[in-house]
Amino acid sequence: MQLSRNDLLAAYRKMRLIREFEDAVHEEFSAGNIPGFVHLYAGEEASGVGICMHLDDRDAIASTHRGHGHCIAKGCDERGMMFEIFGKKDGLCGGKGGSMHIADLSVGMMGANGIVGGGPPLICGAALTAKTLKTGGVAVAFVGDGASNQGTTFESYNLAKVWNLPAVFVVEDNGYAESTASVWSVGGSQAARAAGFGMPCTEVDGHDFFAVWEAAREAIERARNGEGPSMLHVRLNRYYGHFEGDAISYKGEGEIERVKAEKDALMLFRNRVIETSLLDAGDMDAIDREVKERIVQCVTEAKAGASPTEADLLTDVYTSAY
Amino acid sequence: MPKKSYRQAINEAIRQEMARDERVIIMGEDISGGMGAPGEQDAWGGPMGVTKGIMPDFSRDRVLDTPITESAFIGCAAGAAATGLRPVAELMFVDFMGVCFDQIFNQAAKFKYMFGGKAVTPLTIRTMYGAGFRAASQHSQCLYPLFTHIPGLKVALPSNPYEAKGLLTQAIRDDDPVIVFEHKAMYDDEGEVPDEAYTIPFGEANVTREGDDVTIVAFGRMVNFANEAADNLEKAGISCTVVDPRTTSPLDRDTILETTEETGRLVVVDEAHPRCNMASDIVGLVSQEMFGALKAAPQMVTAPHCPVPFSPALEDIYVPGVARIEAAVRQAMGKGH
Ligand SMILES: Cc1ncc(C[n+]2csc(CCOP(=O)(O)OP(=O)(O)O)c2C)c(N)n1
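Top line first, the protein sequences correspond to chains A and B.
Residue numbers for the first sequence follow this note's numbering, beginning at 1444 and rising by one.
Residue numbers for the second sequence follow this note's numbering, beginning at 168 and rising by one.
Pulled out of the complex, with its shape left as it was, chain A reads as follows:
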């Protein structure tokens, strides 16, 4: 399978949309316009997009607290997401969930998650549904390096393996869990852990869309063909703090600037497609402009959107009358 021109344009647009979305949330949060906690995905775009491009509506993903990028990559509506982050009634979750709980099951997005390690067991469930109902679906769990140490994650590896579930575990290793370095917190290696559970693991440079896309294709095909779960260990970097407000003092001098200058996912993508004459700069510049406008519009509308009211407080707790 090859990436068509349209695929490339779509991939670039999604990555740009995520970047623009996160930069806008960063600004709005800094200006005091967004309540609560937000964890931004800027810098990690190639991972979510490179993986989700292989997925369709049969497939499910489970995300993390750093969920905006996964949501966009899986097809959540960015306007509804922005409303949600602002706590507005027209948000994807009616303003009840917020940044850490954005979800849209209709596009197979099983939720960002406030609980580190909350996603992998759920993905076993989605994979079990796909297997039992023979939908041909695949389920993908995004797991941070920190979350890779949770018992729930290890248990899910094992369950997925022994039930031969169509699951993929994507360890997005951005080097840190809050202020704690993954070189310290992760005993052994992700690949050795996967091997311990009898799963293949591919290590991939998460700044390189094409590398992620290729590795994900194999893992997802394997799952779809009934050949069981596997792991992707994706190394990448986050550009902002753990959450907005984090001073990031634990990172090395110039660490983020270096990554931005040398390995930025959007920059690498542009260089590659221009060098290989797959796309022109003009194609991508047009996308940049369109996406920027789109995000400005989302923010403006979200700010002006109506808040939920008291009548909404007690709805949605149960399915039946209570």
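Hints are computed from structural coordinates only; laboratory data are not their basis.
Even for Gly, the Cβ is constructed at its ideal location relative to N, Cα and C.
Hints may contain errors.
[What the hints assert, rightly or not] Computed spacing ranges between beta-carbons, pair by pair:
id: 1; chain 1: A; residue 1: 1473; chain 2: B; residue 2: 443; range: 55 to 65 Å
id: 2; chain 1: B; residue 1: 490; chain 2: A; residue 2: 1449; range: 49 to 59 Å
id: 3; chain 1: A; residue 1: 1579; chain 2: B; residue 2: 190; range: 51 to 61 Å
id: 4; chain 1: B; residue 1: 490; chain 2: A; residue 2: 1501; range: 48 to 58 Å
id: 5; chain 1: A; residue 1: 1757; chain 2: B; residue 2: 501; range: 25 to 35 Å
id: 6; chain 1: B; residue 1: 417; chain 2: A; residue 2: 1473; range: 42 to 52 Å
id: 7; chain 1: A; residue 1: 1757; chain 2: B; residue 2: 429; range: 49 to 59 Å
Add chain B with the ligand to chain A, keeping to what the hints say.
Quick look at chain B with the ligand alone, frame taken from chain A:
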């Protein structure tokens, strides 16, 4: 007396106990921070900076950053407590108890009883609770009623900096497992806190206001709201007693019963969901023990029976506030108030 924040009071209690007893260690996720990282060490001191500065003074041997693995490290703290250390483990948000609850309620809580009295488990778990922070459904719950339900656990809810230091110090010196609930909206609250170490005994309520008409029993952050309501009501000619039980387990039943007997009216304020919470517990206690002394039906002011919503518009209605406490007191007073 020097003024200190709730945050400083907790930090000071930990330091003083670590200095006093070398068996006291602390552990938690980013409890110091920067572990293995190239930049600043002690970068966090927990997410709210509560434990910042302790590691440089006591070393990483006694201030243990953990991977994100609550089941293992909370259980580790329980095991270490049963074998000779006095660990103070931080469960960052009480909502994360779901990941490690077995180690708390099946293991630590039951050692003493199951082992015929032979075990001693001086485990302290500090944890953050409460709504009002726009932190949404998985970072805002109260959950102390769940811990209160379990025999073998003790549960403390400091409502101000003085209590934060005294109750935490007692928790660390206590030979039973204790969960100390810190309200995330109170870390910057200031109050008088002695420099020297002191303990506040468990199961002894503090009566913050004395009045004739209504007894308000409130927990944790709600004590402050109850005090404010009582002050407002005083101006309107309704005088309230406010009781801060300080611990839900053990519970100072005597003070609750005596003060309610004096006023004949009871309002309980509890930030937890309404079913099987402290409010229903206290109302049950009072109804059973002194039904005849009640002049009006007891009132419960609680959060509603729904998860904590994210939207500020909803969360502000969700959290029990001063106005609702005043309304409940007036309801207890009956017509004309
Ligand atoms: C069970 C649980 N423990 C702790 C936390 C607090 N917490 C939120 S995010 C985070 C770090 C997660 O690190 P990682 O999995 O590497 O993801 P990243 O933030 O780097 O994307 C922690 C400790 C939580 N939300 N849930």
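Cross-check of the supplied hints:
{"no.": "1", "hint": "1473/A <-> 443/B: 55 to 65 Å", "in the structure": "violated, 42 Å"}
{"no.": "2", "hint": "490/B <-> 1449/A: 49 to 59 Å", "in the structure": "holds, 58 Å"}
{"no.": "3", "hint": "1579/A <-> 190/B: 51 to 61 Å", "in the structure": "holds, 58 Å"}
{"no.": "4", "hint": "490/B <-> 1501/A: 48 to 58 Å", "in the structure": "holds, 50 Å"}
{"no.": "5", "hint": "1757/A <-> 501/B: 25 to 35 Å", "in the structure": "holds, 28 Å"}
{"no.": "6", "hint": "417/B <-> 1473/A: 42 to 52 Å", "in the structure": "holds, 46 Å"}
{"no.": "7", "hint": "1757/A <-> 429/B: 49 to 59 Å", "in the structure": "violated, 36 Å"}
The structure shown violates the earlier hints numbered 1, 7.
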